[in-house]
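Asks: Starting from the structure of chain A, add chain B where the hints point.
Chain residues, written in single-letter form:
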Amino acid sequence: MNIFDVVGPVMVGPSSSHTAGAVRIGNVSRKLLGEEPAEAKIGLHGSFLATGAGHGTDRALIAGLLGLSVDDYRIPDSFSLARERGLHFSFHPVDLGENAHPNSAKLELKSRSGRELEVVGASVGGGRISIRELDGLEANFSGDYPTLIVHNLDQPGHVAEVTSMLSHKGVNIATMQLYRSGRGGYAVMILECDQEIPEEGVKWLEHLEGVVKVTYYSLL
Amino acid sequence: MYKTLREIEEDCRKENLPFWKLVQRDDCHEEAMSEEDSFEKMRGIYRAMRESDERYDKNLVSHSGLVGTDAEKVRLRREAGKLLCDDFTGHVMERALRVAESNACMKRIVAAPTAGSCGVMPAVLLTMQDRFQFDEDRMVEALYVAGGIGGVIAQRASLAGAEGGCQAEIGSASGMAAGAAVYLLGGSADAITHACAIALASILGLVCDPVAGLVEVPCVKRNVIGAMNAVTSCDMAMSGIRSRIPPDEVIDAMKSVGRALPEELRETGRGGLAGTPTGVEIQKKMHGRQEKS
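Residue numbers (the working numbering), protein chains in the order written: chain A, 1 to 220; chain B, 1 to 293.
It is worth saying that the hints were derived from the structure and are not from the lab.
Treat the hints loosely; a few may be bogus.
[Unchecked claim] Simulated DEER-style distance windows between Cβ atoms: (1) A:Leu-178 to B:Glu-30: 26 to 34 Å; (2) B:Asp-86 to A:Glu-196: 54 to 62 Å; (3) A:Gln-177 to B:Arg-6: 33 to 41 Å; (4) B:Asp-235 to A:Asp-194: 47 to 55 Å; (5) B:Phe-88 to A:Leu-220: 41 to 49 Å; (6) A:Gly-86 to B:Val-61: 29 to 37 Å; (7) B:Arg-6 to A:Pro-102: 32 to 40 Å; (8) A:Ser-80 to B:Glu-15: 48 to 56 Å; (9) B:Glu-54 to A:Glu-196: 33 to 41 Å; (10) A:Gln-177 to B:Ser-239: 51 to 59 Å; (11) B:Val-280 to A:Gly-114: 42 to 50 Å; (12) A:Glu-39 to B:Val-61: 28 to 36 Å; (13) A:Gly-86 to B:Gly-288: 25 to 33 Å.
[Stated by the list, open to error] Which residues of chain A face chain B? A few of them, derived with a C-beta cut under 7 Å, are: (14) Val-6; (15) Pro-9; (16) Val-10; (17) Gly-13; (18) Pro-14; (19) Ser-15; (20) Ser-16; (21) Thr-51; (22) Gly-54; (23) Gly-56.
[What the hints assert, rightly or not] List of simulated lysine to aspartate or glutamate pairs, EDC-like, C-alpha gap at most 20 Å: (24) A:Lys-169 to A:Glu-200; (25) A:Lys-203 to A:Glu-161; (26) B:Lys-21 to B:Glu-40; (27) B:Lys-41 to A:Asp-71; (28) B:Lys-41 to A:Asp-72; (29) B:Lys-41 to A:Asp-144; (30) B:Lys-58 to B:Glu-79; (31) B:Lys-82 to B:Glu-72; (32) B:Lys-3 to A:Asp-5; (33) A:Lys-106 to A:Asp-95; (34) B:Lys-41 to B:Asp-137; (35) A:Lys-203 to A:Glu-35; (36) A:Lys-31 to A:Glu-116; (37) A:Lys-41 to A:Glu-133; (38) A:Lys-213 to A:Glu-161; (39) B:Lys-58 to A:Asp-77; (40) A:Lys-106 to A:Glu-116.
Small disclaimer: the values here were computed from a predicted structure and weren't measured.
We treat Cβ as the ideally placed atom computed from N, Cα and C, and that holds for glycine.
Same shape as in the complex, but just chain A (with noise of 0.2 Å):
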């Protein structure tokens, strides 16, 4: 927490979680889809559900996804900006469970050219962010980061793979977790970094035996 968190962010109204926090969902999930969406069916769960529209979440989610940030003042307008851009959307309510965040989402996206990602995002409060799961695989990060995610086969020698290209780069590992589906399936590795990945390092991975999927998310 930084004096800019007290006295700010600057943001459209009314609520840092329901709106501010929609937003940032909406913002990290574009970026892990790496293209201009064209269709997102979302999944209100819980408050987001509950008084979501009275907050403008459903607003704020469309916006984050046509890659408005928090503070522009399009955000209550943002259903008709995603008509003028030919992003498909719609909304229907969903139980993510008792151990998921009162206030979560969950977003199918496709991409024009076809790429699809599947998201589940929750606003932990303050309009700070957690992505809980990246296509039905379980994730924890926040967006606060240059992060990477490999969907790997469960397999010794990727977590070194994934490791020592980051060393070779210069780039320090902040946070890193390792999820999998069960013994001998999928996994998936998470690692929030200190640097920007460049573009290289996460190519050679794409092209490495028992890697399925790279996703990066930059701050750029």
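Replies: Okay, now just chain B, sitting in the frame of chain A:
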């Protein structure tokens, strides 16, 4: 970030520097930011506050229909010379409503410390600048004073209604504004911290009971009491009145009171005004609308 107001005050004495400078220096050190960049960023925050007031739209009503257009009613009565309040406090009241209503209507505001309490600081600070013609740098310095106070409250207690009730939002905003107002009037570091303590102590225990869970009723009107409370707390501290309980202990009391509040009264939209028959009815109507949309 400083963890006690006492430490800031002691450093002011030891280093013979103003309150705002110590807060700024401490934050810049932690964030590895230059003091110049930090100051310009804070200037942007102050300008955004000014803009949030200027861009008020008197015809706008919130999505739920529960709030909007009230600040204009105060303006008309103020201009007719009919308010009980004098011109200064009349403006404070009107501004608190203007900015808080703007927030509910999805306009741009500065969350200071939160979106729900965004009307308090601009109501006090902008109106003081208009009256005394302080230059912009001085207003930016006042924001550091407010930020330093808010930082201590955030660490010792909370700035979130869901954790500490409305006292954590409107109360904190009020304490921050009171301290900033004392700074603008040239008060000592001691007076700054005691203005904050008086403000917090005066609305200790305020519950967070938003109707239908929205940042509208009673949040918008509570911005007025937060701003007015800051003005009177500033005047008391500038008159030489001191809080009998040390400021840091008042903040600790706010934390324990927040903990003792039942969940119904911590932003769940169940207790207090939200739990009244009318509050419940509004909530049902809003929920029905959500399912249809």
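Asks: It remains to establish, for every hint, whether it holds in the given structure.
Replies: Comparing the hints with the structure gives:
A beta carbon spacing of about 31 Å between Leu-178 of chain A and Glu-30 of chain B agrees with the range 26 to 34 Å that was offered as a hint. A hinted range of 54 to 62 Å for the beta carbons of Asp-86 of chain B and Glu-196 of chain A is consistent with their spacing of about 56 Å. Roughly 40 Å separates the CB atoms of Gln-177 of chain A and Arg-6 of chain B, a value that falls within the hinted 33 to 41 Å. Asp-235 of chain B and Asp-194 of chain A have their C-beta atoms about 48 Å apart, which keeps the hinted 47 to 55 Å range intact.
Between Phe-88 of chain B and Leu-220 of chain A the Cβ separation comes to about 47 Å, which falls inside the hinted range of 41 to 49 Å. In this structure the supplied range 29 to 37 Å holds for Gly-86 of chain A paired with Val-61 of chain B, their Cβ-Cβ distance being about 31 Å. Remark: the range hint 32 to 40 Å for Arg-6 of chain B to Pro-102 of chain A is upheld by a beta-carbon distance near 37 Å. Taking the beta carbon of each, Ser-80 of chain A and Glu-15 of chain B are about 55 Å apart, inside 48 to 56 Å as hinted.
Remark: the range hint 33 to 41 Å for Glu-54 of chain B to Glu-196 of chain A is upheld by a beta-carbon distance near 38 Å. As the Cβ distance of Gln-177 of chain A to Ser-239 of chain B is approximately 56 Å, the hint placing it in 51 to 59 Å holds. At about 47 Å, the beta-carbon gap between Val-280 of chain B and Gly-114 of chain A stays in the expected band of 42 to 50 Å. Taking 28 to 36 Å as the suggested C-beta distance range, the pair Glu-39 of chain A and Val-61 of chain B conforms, at roughly 33 Å.
Between Gly-86 of chain A and Gly-288 of chain B the Cβ separation comes to about 32 Å, which falls inside the hinted range of 25 to 33 Å. For Val-6 of chain A, the interface hint holds, since its Cβ comes within 7 Å of a Cβ in chain B; the closest pair sits about 4 Å apart. A cut of 7 Å between beta carbons decides the hint on Pro-9 of chain A: the least distance to chain B is about 6 Å, and the hint holds. Given hint, Val-10 of chain A at the interface with chain B, holds; its Cβ is 4 Å from that chain's nearest Cβ, closer than 7 Å.
Against a cut-off of 7 Å between C-beta atoms, the interface hint on Gly-13 of chain A holds, since the closest Cβ of chain B lies about 3 Å away. Look at Pro-14 of chain A: its Cβ gets to within about 4 Å of chain B, closer than 7 Å, so that hint holds up. Residue-level restraint check for Ser-15 of chain A holds (minimum Cβ-Cβ distance to chain B is 5 Å; threshold 7 Å). Hint status for Ser-16 of chain A: holds, given a least beta-carbon distance of 5 Å to chain B, under 7 Å.
Given the 7 Å rule on beta carbons, the hint for Thr-51 of chain A holds: about 4 Å separates it from the nearest Cβ of chain B. Evaluation of the Gly-54 of chain A hint against chain B yields a held restraint, the C-beta minimum of about 4 Å falling below 7 Å. Against a cut-off of 7 Å between C-beta atoms, the interface hint on Gly-56 of chain A holds, since the closest Cβ of chain B lies about 5 Å away. Of the pairs offered as hints, the one joining Lys-169 of chain A and Glu-200 of chain A holds, with about 10 Å between alpha carbons and a cut-off of 20 Å not exceeded.
A C-alpha spacing of about 13 Å is found between Lys-203 of chain A and Glu-161 of chain A, which places the hinted pair at or below 20 Å, so the restraint holds. Between the alpha carbons of Lys-21 of chain B and Glu-40 of chain B the distance comes to roughly 14 Å, so the proposed pair stays at or under 20 Å and holds. For the hint pairing Lys-41 of chain B with Asp-71 of chain A, the CA-to-CA distance comes to about 15 Å; that is within 20 Å, so the pair holds. Distance restraint check for Lys-41 of chain B and Asp-72 of chain A: the Cα-Cα separation of roughly 17 Å lies within the 20 Å cut-off, and the hinted pair is therefore satisfied.
Between Lys-41 of chain B and Asp-144 of chain A, the direct Cα distance comes to roughly 19 Å. Compliance with the 20 Å bound is thereby established for this hinted pair. Taking the CA atoms of Lys-58 of chain B and Glu-79 of chain B, the gap is near 15 Å; set against the 20 Å cutoff, the hint holds. Proximity of Lys-82 of chain B to Glu-72 of chain B is assessed by CA-CA distance (about 14 Å); at most 20 Å being required, the pair is judged to hold. For the suggested pair Lys-3 of chain B and Asp-5 of chain A, the alpha carbons sit about 16 Å apart, so the restraint of at most 20 Å is met.
Between Lys-106 of chain A and Asp-95 of chain A the CA atoms are separated by roughly 10 Å; this keeps the pair inside 20 Å, and the hint holds. Of the supplied pair hints, the one linking Lys-41 of chain B and Asp-137 of chain B holds, its CA atoms being roughly 12 Å apart against a limit of 20 Å. A distance of roughly 16 Å separates the Cα atoms of Lys-203 of chain A and Glu-35 of chain A; the hinted pair therefore holds under the 20 Å criterion. In summary, the hint linking Lys-31 of chain A to Glu-116 of chain A is supported, as the alpha carbons are separated by about 12 Å, within the 20 Å threshold.
For the hint pairing Lys-41 of chain A with Glu-133 of chain A, the CA-to-CA distance comes to about 16 Å; that is within 20 Å, so the pair holds. For the hint pairing Lys-213 of chain A with Glu-161 of chain A, the CA-to-CA distance comes to about 14 Å; that is within 20 Å, so the pair holds. Distance restraint check for Lys-58 of chain B and Asp-77 of chain A: the Cα-Cα separation of roughly 19 Å lies within the 20 Å cut-off, and the hinted pair is therefore satisfied. For the hint linking Lys-106 of chain A to Glu-116 of chain A, the alpha-carbon distance of about 13 Å falls within 20 Å, and the restraint holds.
In this structure, none of the earlier numbered hints is contradicted; all agree with it.
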